Each structure stands twice: as structure tokens, then as C-alpha cells.
Amino acid sequence: MRWGVPSFVPSRPALLAAEFAAAILLALPQAVGGALPCDVPDELMQVDDKLPHLAERLRAGQPVRIVAIGGASTTGLAAGSSDLAYPHRLQEILARWYPSSSITVVNRGVPRQTAQQMLERFPTDVIPEDPVLVIWETGTTDAVRGVGVDDFAASLQSGIDELKAHGIDIMLVDMQFSHSTATVIDFEQYLNALHRVGDVNDLNVFPRFEMMRYWSEQNVFNFDGVAKDERAGLAAKVYECIAGKLAEAIRVALR
Amino acid sequence: MPTSSRDLRLDFFRGLALIFIFIDHIPENLFGYFTIQAVQLFDAAEIFIFISGYTAALVYGRILATQGPLFGAARILGRAWQLYVAHVFLFVLFTAEVSYTVATFNNPMYNDEMGVADFLEQPHVAIVKALLLEFQPTFLAILPLYIILLVVFPPVLLGLQLRPMLMLFPSCLLYVVVQITNLSVPAYPEGQVWFFNPLAWQFLFILGATLGLPRRRDWRPRQRTVLPLALIIVATGFVIKFSWIIHGIWDPFPALLLKELWPISKGNLSPIRLISFFAMVAVVAALVPSGAAFLRSPVARPIVLCGQQSLEIFCLGILLSALGHFVLSEYDSAIGIQVLVNLAGILAMCLTARMLDWYKTMGRMPVPHSAANRSGPGNPLGS
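If you read the sequences in order, they're chains A and B. Quick note on numbering: the first sequence equals residues 1 to 255 in this note's numbering. Quick note on numbering: the second sequence equals residues 1001 to 1383 in this note's numbering.
Pulled out of the complex, with its shape left as it was, chain A reads as follows (with noise of 0.2 Å):
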């Protein structure tokens, strides 16, 4: 079930353009002490759709309880501790941009389960925690276990259902990508899948796959020869960065 390019994607050849003109920028300055290179490409950063539960909760000053649910790079378990997973980093830049609410991301990543898994979990590890926002981040195991696309599609549905029945924002987070995978897992036509549900929806898919895989051809985060005891650091940067990447797309769906 072949889609193409998913609408919140760019297209590759746009991408490689782009990345052509950073490559050429980014040639001047490689050592910027101290920051972190999180920077992509705009059209990665188009959101197109709102947020409107979780607008009204800040424009009011109200509490926002945010859930976050997924999977293993939700854990965060490969930086060493779930302060340094992207829901908690999350957390911190919202609170420090919307200082007047007081802003929980709640992590409820549990490694290894497909959609379905993940929407079977939504009555005792979502709507209980009543959250304005539900980050979902999703597909990976569905990919590498090779769930039917359709299935896939089907559970997504079904809890994007569940979640507008309850009143939720929502926004998908697609998976991970890494160099070594994609050379033996097919994502593409479950990237295609997410994304379109998010596009029949109108919601907002946070192109993770498209930034990270970005980030590996810039070579802004490259793993090969990173020794073992420095690896859980990178992987802490990288949650950084995806974290900071998020809290934009939330602050660009608010407005």
C-alpha cells in the first residue's frame, strides 16, 4: 500500500536541495562550541493543523497534564534515565515558555509493542491521566514485525477515535530512523500509513524519521565509532534536540 510522499514530509529531491544549501552553510561555522545542531530544514517544520483544548488550557493559565505514550525512544532508556527522554525535556521547555500554566508531560513509553498494543493500553495508561494533549509516538515494531499496513492503520484510527471522543489534542510522532535499520526494515509504507491517517484526520504527524535521517546525512549525529560509554550522552542530545524540535511544533500549532 504505496503512497508516495507523505504531505508533512517533503518530497526527497526538495530535501536534498535543501540539505545541498546546508551542507554549503554549515561548511563555514562546524564548530559551534557548546550548542547543539538541531536545525533542519523549514519545510520539516510545517504544522498545519491546531491544537485547540490545549490553547485554551494556557491561554487560561490552567493546569495541562500531557501524555506522552510509545515506545523504547519514549522510554528514553538509551540515554541512561527517563529525566533525559524527550517527554521530560519536553516538559522543561514548555514550562519555561508558558511559565503561568503548570505543565506535566507524562512518559508512558513501553518498549516493543505495536499500535495495537499501545491502544489496548489507553484506558488504564491514558484517558485516567485525563491529558489535554496525547503525543503518540508509534509504528516502529508495527514496521519491524511486520504488522499489515492496514491493521496498522486501523488501530491508529481507532484510538485517534477515542482520543477526539474524550475531548484530546492529539499529535503522532513517527519512528526513528537510523542508517543500519532502514537497510533491513521497510518503514517507508508505514511512515506512508501514519502519515496519512494524520492528513485524513487533520492532525499533525511530527516528522521524526525525516529530521533524524537528516541529521545522520549532515552527520550532526552519527554513532559509528562513538565509543560505548559516550553513546548514552549522544543519545541524550539527539532526545534533546527531538524533544526542542516538538516543543516547536507545539508553539507553531498553538498560535
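Just so you know, these hints were derived from the structure itself, not from any lab. What you were told as hints is all true, and nothing was included just to trick you.
DEER-style ranges, computed between Cβ atoms:
hint : chain 1 : residue 1 : chain 2 : residue 2 : range
1    : A       : Lys164    : B       : Ala1235   : 31 to 37 Å
2    : B       : Lys1360   : A       : Gln117    : 44 to 50 Å
3    : A       : Asp125    : B       : Pro1214   : 56 to 62 Å
4    : B       : Leu1158   : A       : Asp125    : 50 to 56 Å
5    : B       : Leu1323   : A       : Gln117    : 30 to 36 Å
6    : A       : Lys164    : B       : Trp1250   : 26 to 32 Å
7    : A       : Asp125    : B       : Arg1224   : 57 to 63 Å
8    : A       : Asp125    : B       : Val1299   : 54 to 60 Å
9    : B       : Tyr1100   : A       : Gln117    : 24 to 30 Å
Derived lysine-lysine pairs resembling BS3-like cross-links, with alpha carbons at most 25 Å apart:
hint : chain 1 : residue 1 : chain 2 : residue 2
10   : A       : Lys164    : B       : Lys1259
11   : A       : Lys50     : B       : Lys1259
12   : A       : Lys164    : A       : Lys50
Predicted model only: the values in this text are computed from it and were never measured. Even for Gly, the Cβ is constructed at its ideal location relative to N, Cα and C.
Position chain B relative to chain A; hints supplied.
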């Protein structure tokens, strides 16, 4: 054994389906925009299973009639065994590739997510499950379906020859039950189901077999009533699917009926897929006569050969897809490289089919000086 009575359309379209399967299994492949799934609501899997059912009835129906049901059944099961061995061989190659990649992998961010470890963590369980056809890694799902369909085929074929409705009715009933209740066949790991639900796909295979029964070989749709309807369905399918593809490339273009129709279940062979597929069959059967000159042209010849050597070419295509995927993601996915990878793969498939054809034809040639040693009719359609 390409004789003049042979319906080359079966070989040609099965060959085409095998080439489409090769192309569609390479992710992010530009050529994917030019296969059947880009313009219709079904894909090459339907073509493959339908023609497999059709040729199975044609070939084994003939053997059943001339050499008796016992030998016919033995031939069918022998073929299923051949497919099983091929499947296990493919499984081993794939597992080798994936295990190697995962084991040499030093990126902590994905270690927890790489459930291929399902295999690496419990190889003793996974390998048994694979032998039981319950563990079907991506791309390795269609052969298990084909194997199961062949294993139950002897009684089905006998029933079809006795009276087609005897088999068609329960088959259709089972299909309808699957559509309503979502009944599926469990697989490994826990919670998984067979990618191609055999309880649904059996209907397509048996429909193909019904049409392929030897005495019904001259079946043609009643053109006046069926053809216009089929053309409308095919045209509608084209417009809908093509609008989705364009929408995927260029967002402002509307994706017609996307919210209403999508996702269309492939695993359960959604009626939408089945109907649009049979509309296409009717159109092709009407527009392409079995004696069409182009089927014998040198251009069509390599594709016809691929269709005739379907099992070997299918397996090769799956391996070449994996290799192509690897090359494109490991080295370069520029358009030029993509074209090269696709063309090289298709060329490899066609050359292999040509070689197999030569090898098998030579093997069937009567050996001089010992006329008694003449080999039998072989496997005429290589189904």
C-alpha cells in the same frame, strides 16, 4: 512446455506480477509509481494468487483426469513441498541478513526497538515457528499462503470437478464470515496474525481455480453486460487511486474518497480489492485474446518466461528486492541509481528465467539411443 495450446496470457501476466512484486518490495522506489498498485485498488498479490489458482486447476485437473486422483493429489502435495523448501531457504537467507545487521549494530537508540531480536532472543522458538509457517517476517508472507492453499487443494479440486458450486459456496461463505467477524489465523509472536489471511484469500484462489478448470477453458465474460460495468469499475479505481498518489506528492490535490475508503484491508482481501481485481480480469480477458500476437513477440518473451518459471523467479525477486533496498539505503538513492537497480533486477530475473527454460527444455529432450528412457510430460505450466 510452451505448446501452441498454452494460454500465454497466464504466463505473461504472472511474469508481470512477479516483476511488480520485485519493484514494490523496494521501499521508496520511484518505479513503484509505475506498477499496478499505483493505479488500481489492488496489487500484484491478487494477480499472483489468482493465476496460481487458475493454473493449478488447469495443470492438476488434467493430471487428475488422465492419471487419477491419487497421483494428482501427490503431484499437488509435491509442489507444496517444493514451495515449503523454497520458503525455508528464503527465511534462512533473510534471517542471516537481518541478524548480521542487528548484531553488528552499535546504536543504543534502536537496540530496544529492533524486535528482529524476537528471533535473536528466542531462536529456538522462532525457528520452530518459522517451520510451522507461523513466523512470517516481512516479505515472506505470500509463500506460506500459497503453500496452505495447495495443501488443501486436492479435495477442493475434486469437488470443483464434481460440481463447482459444491466448493464455491462454502468458500464464499467463509470469505463473507471473515469480512464480517474479522476472523484470522494466529501467528508468531503472540498477537500477530497471518499477513495474508488464508481464510479470505482462499476465495480468490478457488475462484481462479474454477475458471481454470480444463473444461471451462473457453470461458469469457459475456461482453455486452460485463464489459461496460467492468470498464466503469476499472476507470473508477484508477481515478481514485491516482488521486491518492497525486495527493501524496502534492498536498493541495484532493484525495478522492480517501476518508471513506482507506484503509482497504489487504490481509483480509477487502471486497473493494476483490471487485476491482475481477473487473480488471474481465477487461483484460475481453481485450487480450489468448492468441494475441504480442504475447509471442520478442518483447513479451522474457516476461512470459518469468511467468513460466514462477517459483524460482518469485524467490529471486524477493532476494533482489532486499538487495536493492540495501544498495539504495546503504549507498545512494539518487534517481540514476534507482533506475539502475530496478533495471538490473529485472534483467537478472529475465536472464534467470531464460536459463531455467533452457535447462528444463534440455532435460525434457528425448535422449538419443534410448527411446525408452523418455521423460514424462514434466510440469507443463511450472505452476
